[in-house]
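Visitor: Residues per chain are reported as follows:
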Amino acid sequence: KAGVTQTPRYLIKTRGQQVTLSCSPISGHRSVSWYQQTPGQGLQFLFEYFSETQRNKGNFPGRFSGRQFSNSRSEMNVSTLELGDSALYLCASSLTGRESGNTIYFGEGSWLTVV
Amino acid sequence: EDQVTQSPEALRLQEGESSSLNCSYTVSGLRGLFWYRQDPGKGPEFLFTLYSAGEEKEKERLKATLTKKESFLHITAPKPEDSATYLCAVQARGADSWGKLQFGAGTQVVVTP
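Residue numbers (this note's numbering), protein chains in the order written: chain A, 1 to 115; chain B, 1001 to 1113.
To be clear, the hints were calculated from the coordinates, so they are not data collected in a lab. Be aware that a few hints might be false.
In the DSS-like style, the derived pairs of lysine-lysine whose C-alpha atoms are separated by at most 30 Å in a straight line are [said to hold, decoys possible]:
1. B:1042 with B:1063
2. B:1069 with A:57
3. A:13 with A:57
4. B:1069 with B:1057
5. B:1042 with A:13
6. A:57 with B:1059
7. B:1079 with B:1057
8. B:1057 with B:1042
9. B:1042 with A:57
10. B:1079 with B:1042
11. B:1059 with B:1079
12. B:1063 with B:1079
Okay, chain B solo, but in the shape it has when bound:
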């Protein structure tokens, strides 16, 4: 069965203090690994999709990387507005995974001024 584990569960950072979030996964065949940001009371906001090991994508202060077993979300010089829960999800290959994402529990990030 597909599994996604995120660590740490919570992360408290000072403004400007860079850090990384981890997402380890087991899946029979990976179609894509997704990163989302979720603010309290709102739906997940799409950040990145990664498809193959070695792939990297960047957006402002965020950079996502992918290996065969895990993905990292690097937050460089974070600002208070980067405070959110970051969710990792995988979509497996195969007809029984069409439209289906398996999510991790998320990492709650708080950035203080």
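Extracted from the complex, chain A is given alone in its bound form:
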């Protein structure tokens, strides 16, 4: 069974640019969450999608956005990149994200460097 797949794995962007990251969840999983991981702040929740609807959002500025498609694949977008956006962005998937027993699995992440 394929795991959570994230692309691209590594990318370098310039301040002010925007970036789009992609995530394919485990087959059959309908909940997709995104996290940002930095050495200083650790793993922080960005947002979660289920059936193409954002159900929850963390404390990040509006420059961070996402969407989910009908096949459960998800993308996140960061506009007007800042140096502080350099981080490992992780995607996680689960069956529904809300029931006990729903294990949450993570992908390998996308490393974003902003210069």
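Given the coordinates of chain A, assemble chain B onto it according to the supplied hints.
Guide: Coordinates of chain B only, in the frame set by chain A:
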């Protein structure tokens, strides 16, 4: 607000030297407590989920336990390949926690031969 605190921040063990990692948490209502292992440059790898106080789960040299306020991850007779950062996370009950995990800062474990 939900909080997760892990201790110690770092742990250096000799091969075969057993030890425990602590995860204390405050959450309005616990749906589940998760343990992950993360190797450098990789995403977190799922280890266990615990749902109620008194529950225990084992996998190879790892054993996780849960009380109403904390969880322990016991590493028995560790090997160098157990070196990693171990992350603890909680998921609260309620609609505003669907798909959302609150993570601790992690414990970095180094096991030397």
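Visitor: For every hint, state whether the structure bears it out.
Guide: Tested hints:
no.	hint	in the structure
1	B:1042 with B:1063	holds (23 Å)
2	B:1069 with A:57	holds (26 Å)
3	A:13 with A:57	holds (25 Å)
4	B:1069 with B:1057	holds (17 Å)
5	B:1042 with A:13	holds (21 Å)
6	A:57 with B:1059	violated (33 Å)
7	B:1079 with B:1057	holds (20 Å)
8	B:1057 with B:1042	holds (24 Å)
9	B:1042 with A:57	holds (24 Å)
10	B:1079 with B:1042	holds (20 Å)
11	B:1059 with B:1079	holds (14 Å)
12	B:1063 with B:1079	holds (15 Å)
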